[in-house]
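K.L.:
With chain A held as given, fit chain E onto it using these hints.
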Amino acid sequence: MAWDRNQMAARAAQELEDGMYVNLGIGIPTLVANYVGDKDITLQSENGMLGMGPFPFEGEEDPDLINAGKQTITELRRTAYFDSATSFGMIRGGKIAAAILGAMEVAENGDLANWMIPGKLIKGMGGAMDLVAGVGRVIVVMDHANKHGESKLLKECTLPLTGKGVVDRIITNLGVLDVVEGGLKIVEVAEGVTEDELRAATAATIVN
Amino acid sequence: MKKVYGSAAEALDGVLFDGMTIAAGGFGLCGIPELLLEAIKQAGTKDLTFASNNAGVDDFGIGILLQTKQVKKMMSSYVGENAEFMRQYLSGELELEFNPQGTLAERMRAGGCGIPGFYTKTGVGTQIAEGKEVKVFDGEEYILERGIFADLSIVKAWKADETGNLVFRKTARNFNPPAAMCGKVCVVEVEEIVPTGSLDPDHIHLPGVYVHRLIQGEHEKRIEKVTTRPREEA
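First to last, the protein sequences are chains A and E.
If you read the first sequence in UniProt numbering, its first letter stands for residue 1, the second for the next number, and so on.
If you read the second sequence in UniProt numbering, its first letter stands for residue 1, the second for the next number, and so on.
For the record, the hints were derived by calculation from the structure and aren't laboratory data.
Here the structure is a predicted model, which means the values were calculated and not measured.
The beta-carbon is built from N, C-alpha and C at its ideal position, and this holds for glycine as well.
Please note: incorrect hints may appear among the correct ones.
What the hints assert, rightly or not - With a cut-off of at most 27 Å between alpha-carbon atoms, the simulated DSSO-like pairs for lysine-lysine come out as follows:
id : chain 1 : residue 1 : chain 2 : residue 2
1  : E       : Lys170    : A       : Lys123
2  : A       : Lys39     : A       : Lys95
3  : A       : Lys120    : E       : Lys73
4  : E       : Lys41     : A       : Lys123
What the hints assert, rightly or not - Per label pair, the in silico range of CB-to-CB distance:
id : chain 1 : residue 1 : chain 2 : residue 2 : range
5  : A       : Ala200    : E       : Glu232    : 42 to 52 Å
6  : E       : Leu144    : A       : Gly102    : 43 to 53 Å
7  : E       : Glu232    : A       : Gly37     : 39 to 49 Å
8  : E       : Glu133    : A       : Glu58     : 46 to 56 Å
9  : E       : Leu96     : A       : Gly51     : 31 to 41 Å
10 : E       : Asp13     : A       : Asn6      : 54 to 64 Å
11 : A       : Gly19     : E       : Lys69     : 44 to 54 Å
12 : E       : Lys135    : A       : Gly102    : 29 to 39 Å
13 : A       : Gly136    : E       : Met1      : 44 to 54 Å
14 : E       : Gly139    : A       : Asp18     : 28 to 38 Å
Bound conformation, chain A alone (with noise of 0.2 Å):
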């Protein structure tokens, strides 16, 4: 037992606080917008967008109008629009609170990876680079293990680097962890996990 990609993505959910502005990335990430309940949540869209809206309805796609993942969306009444160069200096400022991303690997000392696999299709970094470097909290949401069920939590990455100790919180299907001082700390761990198991899962150093 485990907590599944939903189940992930509500805990993350549990991350954001209220008047909270927020970047999520691609895949398990966006579903953390469909568990933030009544908290007063603004998404940022990196693009140029506060106020990210849901998927629009059938018929009712605007060209102009899409989300990082250049999927169409739709506005909120709260939405305003700026250029990238504001949009990213607002991140690059601090101004947004957190960013809540998926990884391939993450390493004890908060160095992440996941943009790049050397040999394979190179399709570049985006914004997550500049996410990572520059807002107040970096939360990373992720199966624990690849698909060769390899721990993805390592005592040092071995993909090129997104940002150097840079990431504050880990959420696996396996539990809560945090990036402190000498390595990981587990703050939880899922439904029907125990704790030995997911240190057996890891291949980082668990700290007390």
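P.N.:
Same frame as chain A, now just chain E:
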């Protein structure tokens, strides 16, 4: 001074040359200067360097200039949607300089503001920092990034008046203002040119000082990924 031209080809007459650097607005296919890109294709200008967040798709946006091998180098943050781009890059025909998205936007803005370089913490300790000056401010490391000074800016806006004051629409604004600012010459395509005086001066997104030439035209405005929700969810 007359800024309004009759066609994209006319508006680009005399400003194109082989080996030039062009800053282009747009994010994905949203807000791209599609008419000007088509006119550059027709003009056949070669060895182009593009500062543009993306490279379009195979048959739209900058992709059409990749098909005709007019592009020498891309300065971009994300090029994942273009198979021809990958083919040319992997075969060594095309140079690629990855820029973090916010760094690319700020490099354009800085160039347009007469700022040759700036320090940022984006990319510190990553491949992006290799070969760049590192400076410590208040105990934190930053890397030096250069402003972009382009030969030409090509930009898409929603509306303009005859003096080149621009209004953008929704997220189609994106890279267009910073791209417009950093070129020696800025050519803009809009959906509608309105009489001077009919735009609210308080609602101009980019003042006409940045705009040299202007055309109006029909835009395809292709959508890259249509995503919708069912009606009953309302």
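K.L.:
Compare the structure with each hint and give your call.
P.N.:
Hint check results:
no. : hint                            : verdict
1   : E:Lys170 / A:Lys123             : holds (26 Å)
2   : A:Lys39 / A:Lys95               : holds (18 Å)
3   : A:Lys120 / E:Lys73              : holds (20 Å)
4   : E:Lys41 / A:Lys123              : holds (24 Å)
5   : A:Ala200 / E:Glu232: 42 to 52 Å : holds (45 Å)
6   : E:Leu144 / A:Gly102: 43 to 53 Å : violated (30 Å)
7   : E:Glu232 / A:Gly37: 39 to 49 Å  : violated (21 Å)
8   : E:Glu133 / A:Glu58: 46 to 56 Å  : holds (51 Å)
9   : E:Leu96 / A:Gly51: 31 to 41 Å   : holds (34 Å)
10  : E:Asp13 / A:Asn6: 54 to 64 Å    : holds (57 Å)
11  : A:Gly19 / E:Lys69: 44 to 54 Å   : holds (52 Å)
12  : E:Lys135 / A:Gly102: 29 to 39 Å : holds (32 Å)
13  : A:Gly136 / E:Met1: 44 to 54 Å   : holds (47 Å)
14  : E:Gly139 / A:Asp18: 28 to 38 Å  : holds (32 Å)
Violated hints, in rising order: 6, 7; the structure is consistent with all others.
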